[in-house]
Structure formats: structure tokens, C-alpha cells
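Enquirer: One letter stands for each residue in the lines below.
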Amino acid sequence: MVNIEINGKPVAAREGSMLLEAADEAGITIPRFCYHSKLSIAASCRMCLVEVEKVPKPLPACATPVSEGMKAYTRSPRAIAAQRSVMEFLLINHPLDCPICDQGGECELQEMALGYGNDVSRYAEAKRVVHSPDLGPLIATDMSRCIHCTRCVRFGEEIGGMMELGAPGRGEHMHIATYMEHSVDSELSGNVVDLCPVGALTSKPYRYSARPWELQSHHTVSPHDCVGTNIRLDSRSGRAMRVVARDNEAVNECWIADRDRFSYTALEHEDRLRKPQIKRDGVWQECDWDTALTTAVEGLKQFAADQLGALAAYGATNEEHFLLQRLMRGIGSANIDHRLRQQDFRDQNEQGPYPALGQPIAALEQNDAVLLVGSNIRKEQPLLAQRLRKAVRGGARVMAINPVDYAMAFTLAEKRIALDLVSELLAVAKALLEGSSEAVPQWLTTAIVGVAVEESHRAIAGTLRAGKQASVLLGAGAQGHPAAAELRAVANLIASLSGAHIGILAEGGNAAGAALAGCLPHRGAGCQASDGIGLDWKAMFAAKLPGYLLLGVEPEYDCIDSAAALQAMQEARFVVAINSYASVAMRDYADVLLPAATFAETAGSLVNTEGQWQGFNGAATAPGEARPAWKILRVLGNLFDINGFEQNSAEEVRAELEAACAQLPAAPAAWQPKAMSRLPAGLLRIADVPIYAVDAMVRRAAPLQTTADADLWQIRLNSVTAEKAGFSSVVEARLIQGAGEVVLPLLIDERLPDNAVYLPAGLSATVGLGGGFAAVELTHA
Amino acid sequence: MSEKMIELLSGESRADIDRWIAKYPPEQKQSAVMAALRIAQEQNGGWLTEELIQAVAAYLAMEVMAVYEVASFYSMYELKPVGKHKISVCTNISCMLCGSDQVVEHLQQRLGIKLGETTADNRFTLKEVECLGACVNAPMFELNKNYYENLTPEAIDAILDGLD
Numbered sequence: 000m001v002n003i004e005i006n007g008k009p010v011a012a013r014e015g016s017m018l019l020e021a022a023d024e025a026g027i028t029i030p031r032f033c034y035h036s037k038l039s040i041a042a043s044c045r046m047c048l049v050e051v052e053k054v055p056k057p058l059p060a061c062a063t064p065v066s067e068g069m070k071a072y073t074r075s076p077r078a079i080a081a082q083r084s085v086m087e088f089l090l091i092n093h094p095l096d097c098p099i100c101d102q103g104g105e106c107e108l109q110e111m112a113l114g115y116g117n118d119v120s121r122y123a124e125a126k127r128v129v130h131s132p133d134l135g136p137l138i139a140t141d142m143s144r145c146i147h148c149t150r151c152v153r154f155g156e157e158i159g160g161m162m163e164l165g166a167p168g169r170g171e172h173m174h175i176a177t178y179m180e181h182s183v184d185s186e187l188s189g190n191v192v193d194l195c196p197v198g199a200l201t202s203k204p205y206r207y208s209a210r211p212w213e214l215q216s217h218h219t220v221s222p223h224d225c226v227g228t229n230i231r232l233d234s235r236s237g238r239a240m241r242v243v244a245r246d247n248e249a250v251n252e253c254w255i256a257d258r259d260r261f262s263y264t265a266l267e268h269e270d271r272l273r274k275p276q277i278k279r280d281g282v283w284q285e286c287d288w289d290t291a292l293t294t295a296v297e298g299l300k301q302f303a304a305d306q307l308g309a310l311a312a313y314g315a316t317n318e319e320h321f322l323l324q325r326l327m328r329g330i331g332s333a334n335i336d337h338r339l340r341q342q343d344f345r346d347q348n349e350q351g352p353y354p355a356l357g358q359p360i361a362a363l364e365q366n367d368a369v370l371l372v373g374s375n376i377r378k379e380q381p382l383l384a385q386r387l388r389k390a391v392r393g394g395a396r397v398m399a400i401n402p403v404d405y406a407m408a409f410t411l412a413e414k415r416i417a418l419d420l421v422s423e424l425l426a427v428a429k430a431l432l433e434g435s436s437e438a439v440p441q442w443l444t445t446a447i448v449g450v451a452v453e454e455s456h457r458a459i460a461g462t463l464r465a466g467k468q469a470s471v472l473l474g475a476g477a478q479g480h481p482a483a484a485e486l487r488a489v490a491n492l493i494a495s496l497s498g499a500h501i502g503i504l505a506e507g508g509n510a511a512g513a514a515l516a517g518c519l520p521h522r523g524a525g526c527q528a529s530d531g532i533g534l535d536w537k538a539m540f541a542a543k544l545p546g547y548l549l550l551g552v553e554p555e556y557d558c559i560d561s562a563a564a565l566q567a568m569q570e571a572r573f574v575v576a577i578n579s580y581a582s583v584a585m586r587d588y589a590d591v592l593l594p595a596a597t598f599a600e601t602a603g604s605l606v607n608t609e610g611q612w613q614g615f616n617g618a619a620t621a622p623g624e625a626r627p628a629w630k631i632l633r634v635l636g637n638l639f640d641i642n643g644f645e646q647n648s649a650e651e652v653r654a655e656l657e658a659a660c661a662q663l664p665a666a667p668a669a670w671q672p673k674a675m676s677r678l679p680a681g682l683l684r685i686a687d688v689p690i691y692a693v694d695a696m697v698r699r700a701a702p703l704q705t706t707a708d709a710d711l712w713q714i715r716l717n718s719v720t721a722e723k724a725g726f727s728s729v730v731e732a733r734l735i736q737g738a739g740e741v742v743l744p745l746l747i748d749e750r751l752p753d754n755a756v757y758l759p760a761g762l763s764a765t766v767g768l769g770g771g772f773a774a775v776e777l778t779h780a
Numbered sequence: 000m001s002e003k004m005i006e007l008l009s010g011e012s013r014a015d016i017d018r019w020i021a022k023y024p025p026e027q028k029q030s031a032v033m034a035a036l037r038i039a040q041e042q043n044g045g046w047l048t049e050e051l052i053q054a055v056a057a058y059l060a061m062e063v064m065a066v067y068e069v070a071s072f073y074s075m076y077e078l079k080p081v082g083k084h085k086i087s088v089c090t091n092i093s094c095m096l097c098g099s100d101q102v103v104e105h106l107q108q109r110l111g112i113k114l115g116e117t118t119a120d121n122r123f124t125l126k127e128v129e130c131l132g133a134c135v136n137a138p139m140f141e142l143n144k145n146y147y148e149n150l151t152p153e154a155i156d157a158i159l160d161g162l163d
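For the record, the sequence lines run as chains A and B.
For the first sequence, numbering that gives the first Met the number 0 gives the first residue as 0, with consecutive numbering after it.
For the second sequence, numbering that gives the first Met the number 0 gives the first residue as 0, with consecutive numbering after it.
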């Protein structure tokens, strides 16, 4: 510690810290604009000038390291004079348009001007006018308001990993811009709205819609990925107006992804269900809740219990998952599943209690070797990717075995891009066993016979083994693989052979909560053995169940095998959908639509990838007669006359679930594959779920759907595959998968391996097609 | 993508840039950015296209925006086509006190263009720049790569008359 004195008060400062940081820690406020604790120091705004004893000129506190015996004065006449002068300069070119500026009322410049500005400007000359570039659908710009703090530029360089914004020009001509008017495409771009201390960068969807002093802030949690990002939802008279970041160092620091920030724009989408509806003779009729619920119960009661199936969305709350499975088990059916983006359940009994990262989120930064398997982490869990990026900047080696050479925001130390992920993992395992006498299970010894080990496999193995803190992380591509159980088994062994952590980057928003709540056919809440093993979704579809209860899912979008899901729903005789939205297909196959509140309008909790439970209350009012889904399920329970549906609040439901999860069983013995599966020959489809197609709400967020990340309506091949298949100069092609087909533009994409056809899932264009890693046929359109 | 961009730089330019890269530690290739931009500009007849800026960025493994910041900061880089002869008139304080206004006025009249413009026949580009460090003989301008100092209207006419 270094002993200094600020304003006559003794302060013990950390060695190497800056004067401003020491003052912050001691609770002494120094005005600033360009300084941000998560960004590098620019010292460009000069607002934090302070007087330091024995120094002839005022010093910027943000860039002045503390030294023993330093005496600083932040409020001395010289310091205040310097701060006031800087403020006068900053205001010279700043427009006086606060009355029409979105930042008004929460503007750092406005606040500082109140404290340090003059009431009348001495500057009578013309002000600078700066061109405001179009940065895309998310960020509005008014660059004349910019004070050149460069927080947005540093954010792109240091956090986002793409230097999309820069400060070209010189002196008075310096301005913030993108290169040649490109849009800003980073999946974290919205953070510059929070960072900008003035109204130069503001939220485009929120523009001119509310004033900060009219808003009520609600603390809530984003349900779009497994991070559990903390957000603040601001509402006016019950209407959600915007989402901003909420600090939580352990989870999301002070950042949120664009998906978390702008998904609220879907709350008033035209597909939103506002009233209960029942279908009578093929015609939809709005009705009251009693009629709808009675119709639902009567409809479901016409089948034997084991003929009923329930499918839940990944992003539903713990309470909803818990009550859904209690309802189904109470009726007498264990046909319950939420794992719609997985298709291999052979090892379900040997899996841990929930898909877990296996380490705290913040610990990802401390890893020095990481192997990603089947993960587009940057688009799947943007904020976990951000942690890895930090690790890479600190010297970590991140490697990937992926079916697509996904663009990461950091350089991959090693990568294997291939369709056959199992063989790639086996090669790494074999490389680890070279020259090792460690005992391994017989199945592995058999499986690695004949597997070719290349230098890059050895490099991956060596890096993992050499890492002091290493991790093997399985992403959505691995979880959704047709041989996911084998991938998990091999990855587990790689982790134990190399001394690495094993972790799952779970798909969807609350996979951990769903598993703990027992929304599974083989396990009840808290991993208790299920009374009677039910059917997983694949088995339900194969068994052609006649009755379904859907919670928040649109199976034709959310299921990895859209073709099977659509067919199952269409062939079912009675489908009850509890959902906030109804797709066109759902209006066709459903019989009762029960309007549910979204996460923004209900109380509940989510469990994130590190196992942290985070609760929240409703932040906005649900439209029309929409109700929280836990209440709908509770009443359904009463109507079915089942015990255990007496809760009066979401907290009571959560308390029951938490009690059930108090003692989780240890992970059972590892699953052992009998033989390794082979991928089919010929062209195989890669069908990952794009960042803005993960759930019903995100799919309807209009601003997100117009970003570059949503521009995926193409069939993609690499040039070698295109040439071999005779498609090198074709602009449009027809992809045929099973009974489904689609005609889309053809794009050459060299990030793909040979024989791969990339067409993502979750788009309206791909509804009715089968899943990934399955054979497809391409013909001329 | 980036490899195709790099090919926009001629082999000669790349060899020249490599000589500059070699002057710096291997992990600090970006230190050669100013030289690389100058070389790319010379290769292209005195100005930098969007693609050339991208090519320099790819060649030095830099962000395009960072290269563009450099290219837009210094007045010796041109982001639009320039005439055969580029006249960069200093109007900074010493030159201004010694009559740079008159120099600008005379050039604008003689060439029929304003500061920042190029003549229709693409012979001349007239440009205002900050101090070029020749205050001792102000006013001055830089014509192509040479400094001309102690300028008067007559001296300017003589200089321009002597050009092809």
C-alpha cells in the first residue's frame, strides 16, 4: 500500500493505482468523462485535473500514479479553476439540444456542467457540426454531441474485439466514425450506449420514447443464454421501454449482449397472445380463462396419461419448469422434455445434475488453456467469450474443434475444422495417450485404433496438459450432435487425462434450471429418480403421442429436428400451448392457446451455467389477459385435482424446488460407449442455432433481426464442395432434407469443411427441415 | 479475403514495406504503418483507395480503422485522387504573419480552384496544411516533394511556369 493524502485525508492506495482510483475507493469524487474502470486509460477529456503538491501544473487524476507521500487536492481553488476551464472547453462545441436529446436527465456532461459549468457561454462563434454515421439498427448517432472521450473506440478494441469505431481526423476535425460508413456489427455493440457519457451514441429502438425520470427501474435477469446476465429493465406505466446493463462482477461485469439489451422490443410484437383462445371447428375464438382452461383439461383428459407429452422451452423459469413436471407427473405421465436442441440421450442417466460450466464464470479468465468443442461461443454466450478473450489477452491459448471455422474475437491457438467431431476428439485423446501408461477404459483403447493423429492434435493435447488451469468446454454444436454422448464421454476422458476441467456451455437460457426442476423424462426435481421413466422428445414424436402440453416452445423452431416436430404437432389430436406468442404453424396445430407473460412480466428465477440461482420480479405489465405461466400451471394442477398446487407466489414455488435441490446426488459413474458412430456419407448439413434465433422472443425482436448477424438466409458451401457438386457458379440452390426442401441463395463460405452444407436452424426458412449432421441433397433451383 | 487484399500491393511495394518492417521488433509490425501508407500511396499515383488502406491493414495485421485513423490524421496522405502537381500551402502562424493569405489568394486565382480542389485538367491540387517546419523562410508551400520558400506572387508564377 502507498500512503497518500487527498484533500487532507490520509488514504491508503494500492500500489500502481491511479490517483482517481484511489480517490474512488476512498469515496472522494473527482469528475471524469473518459475514464472507465474496465477500459484502458486515455486521459483525453482532462476533466479530472487535480492539484498535486510540488507539481507546478494540474494533473489528470486518471493517469497519475500514486506515490508515497503524495498530497492531492481535488477541490482546491486551482483544481476547481482547472476543472471549470476544461468544462468550458468541452461545452464550446457541444450543442444546446438537451431538450431533444435522449441522454437528457442521465447525461454525465449535463450533470458535470451543473457543477462546473458557467450559466452563460462566453463562446459566440459557430459550433462544429459533425456528420452522424448510420451504425445499423441498434445504435443512434448524434456526433455533434461527442466530447471525444473515446470510450466507444476503446470498448471495441479492448472488449468487443473488433475496432469498428475509430477516431479519424485531426484536431478540430477528429470525430468518431466507422471505416467507410460500415454498420457496427459486434454482438456486444449496445454497450457503447451505456458507455457514452453524452448523447452521441444512444439506443435506436428506444429513441425519443421516454425520459429517464419517467421510468421505473427493475432488476431482472436475461433468459437468452446460460450466463444469467444481470439487466435493468426500465418501464413507464407498466410498459417496458428499454434494457440497460446491471453490474455484477461475478457474472456479466458491466456488459450485456445486444440480445439481452434489445429482446424487449418483441414484447409488443403482433404475434403476442393477449387473450385465451380455443379452436372450435377449425376457427379460433377468444374466450375467458375459465373456458380455455376447462377446454384444455377436458381435451387432455380424453387420452390415457402415458399418451400425453410435455415440451418446455429452455428459457422458461425454474418455477415454470418445476410446476410443469409436477403437473405431468401428477397426471401420470413422465413424458417431459426441454432438451429440444439435443438428440442423443444415451448417457442421460450418467450425466451430472445439470449442465454446468464446472467453474465460476469469472474463473474462465484465469484459464491458460481452453479447448472449445462444437462451440460458436462468441454468438452463443457472448459474455463468456468476452471472458476467454480476456484470458487470451493475458496469454492463454484457446483452441477449437468445430464444424465451422467460426470468427472468434480472439485468435485461436489451434483449430481443427471438421464434420466428424468424434474422430477429432479421439485423435486428441490418442495424442494424450502417446507415451503415457495411464489406464484408460477398454472402449477408448478400441476406439482409437486406426485414428490418425496429426501435429495439431498433439499440439492441442500438449497445450491442455501443460496448462496450469485448463478447460474443455462443450458447446451447442457438441450438445446437439447426433453422437453427443460419445463426444461427452471422450471429452471427459480428455479432461481427466490432461488435468483439465470439463464444462458444458449449455444451449438456451435456463437449461440448468430445467434439469434441476426435473423437466426431464428420467429425473424429477432435484435429480430424484422419476417414478416411471418417460419418453424423451424423440421417443414422444416416434410414438405419435396424441396429446401435448407446450410451455413457451415453438417446436418447429426450437426443436433440432424441425421436420419431426412439425409433423408430430400436426398429427397430434390435441395440443395446448402456454406461450407468449403464436406462430402461424402453431395456430394451425394447436387447439388451445393460453397467453403467458414473458420473463419481463413474471416473477421467477433462473439458474446460470455456474449454478447460481437468480430471482427477479415482474418488471412490466403483461398485455391483455396474459398471465404468468406458473399461475396458469398452478390452476391447471387444481383443475386436474392434483396435490401440490397451492402456492400463492413464485417464491413459494421456488422454495419448494430449492428444498428439493438441497442435496444433489453426486455425478454417477461415467457412461461407456459400445462403439463409435459414423457420420453418413455425402453432403451433410450443419444446422447451428443463430444468435438471434434462440427463442420465441428473440426471433421477434425486429431490431436484432435486421443486424448483420441475422443475415443467414443462404445455403453455404466451401468452394471445393461447390465445385465438386457442380454449384460453383450457381446463385440459388434447392436443399432437400427428408420430406422438406427450401430454395435459397447459394453462398461460398470458406469457413466450412468439405462436404458440409451450412444452413442454420431456427429460421422461418428452415422450418420443416431435419437436424444437423444429417444427409442433405442439393439440386439446381 | 485478407490475402486477396494484400495482393493489391505490388511486389515492389511489399518488398519496400518489408524493409521498413525489419527496422522494428517482429511483434511490432504496425510501427511501419506510416511508411507502408506512403509506399501504397506512391504506387497508386498519389492517393490511397479504400482497398489500399485495407491492404495495408491486412499486410501489417492491423485493424482497418486503426490504419484509417493514421491515414486521415496526417495531411500527406490523400484519400481522394490528386492532380499531377500537389501544392500544399502552409497557413500556420508564421506563414500567416508573413502573408500566406496572399499566397493562397494568388494560387486560387491563377489555378481557378479553391483550397482542397483539383483543376479540371487534373494538373494541380491545392491544399492547405499546417506547419511544415520552414518558418524561417515563411511563407512557403510544398510542391510535390520540394519546399519553396519566401514566396511572392511573382515567385509563385515563376515556379508554376517552370512546370510541365
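No lab work stands behind these hints, which were simulated from the structure alone.
A few of these clues could be false.
[Unchecked claim] Computed cross-link-like contacts, BS3-like style, restricted to lysine-lysine with a CA-CA straight-line distance of at most 30 Å:
hint	chain 1	residue 1	chain 2	residue 2
1	A	K300	A	K543
2	A	K414	B	K28
3	B	K22	B	K113
4	B	K3	A	K414
5	A	K389	B	K79
6	B	K144	B	K22
7	A	K70	A	K56
8	A	K70	A	K53
9	A	K300	A	K389
10	B	K126	B	K144
11	A	K723	B	K126
12	A	K300	A	K274
13	A	K126	B	K79
14	B	K83	A	K126
15	A	K37	A	K278
16	A	K414	A	K673
17	A	K543	A	K723
18	A	K126	B	K28
19	A	K53	A	K126
20	A	K37	A	K723
21	B	K28	B	K3
22	A	K37	B	K28
23	B	K3	B	K79
24	A	K300	A	K278
Enquirer: Indicate, hint by hint, whether the structure satisfies it.
Expert: Comparing the hints with the structure gives:
| no. | hint | verdict |
| --- | --- | --- |
| 1 | A:K300 / A:K543 | holds, 17 Å |
| 2 | A:K414 / B:K28 | holds, 25 Å |
| 3 | B:K22 / B:K113 | violated, 40 Å |
| 4 | B:K3 / A:K414 | holds, 22 Å |
| 5 | A:K389 / B:K79 | violated, 39 Å |
| 6 | B:K144 / B:K22 | holds, 24 Å |
| 7 | A:K70 / A:K56 | holds, 14 Å |
| 8 | A:K70 / A:K53 | holds, 9 Å |
| 9 | A:K300 / A:K389 | violated, 54 Å |
| 10 | B:K126 / B:K144 | holds, 14 Å |
| 11 | A:K723 / B:K126 | violated, 55 Å |
| 12 | A:K300 / A:K274 | holds, 23 Å |
| 13 | A:K126 / B:K79 | holds, 26 Å |
| 14 | B:K83 / A:K126 | violated, 36 Å |
| 15 | A:K37 / A:K278 | violated, 54 Å |
| 16 | A:K414 / A:K673 | holds, 28 Å |
| 17 | A:K543 / A:K723 | violated, 40 Å |
| 18 | A:K126 / B:K28 | violated, 39 Å |
| 19 | A:K53 / A:K126 | violated, 38 Å |
| 20 | A:K37 / A:K723 | violated, 49 Å |
| 21 | B:K28 / B:K3 | holds, 20 Å |
| 22 | A:K37 / B:K28 | holds, 27 Å |
| 23 | B:K3 / B:K79 | holds, 23 Å |
| 24 | A:K300 / A:K278 | holds, 17 Å |
The structure does not agree with the numbered hints 3, 5, 9, 11, 14, 15, 17, 18, 19, 20 stated previously, though it agrees with the rest.
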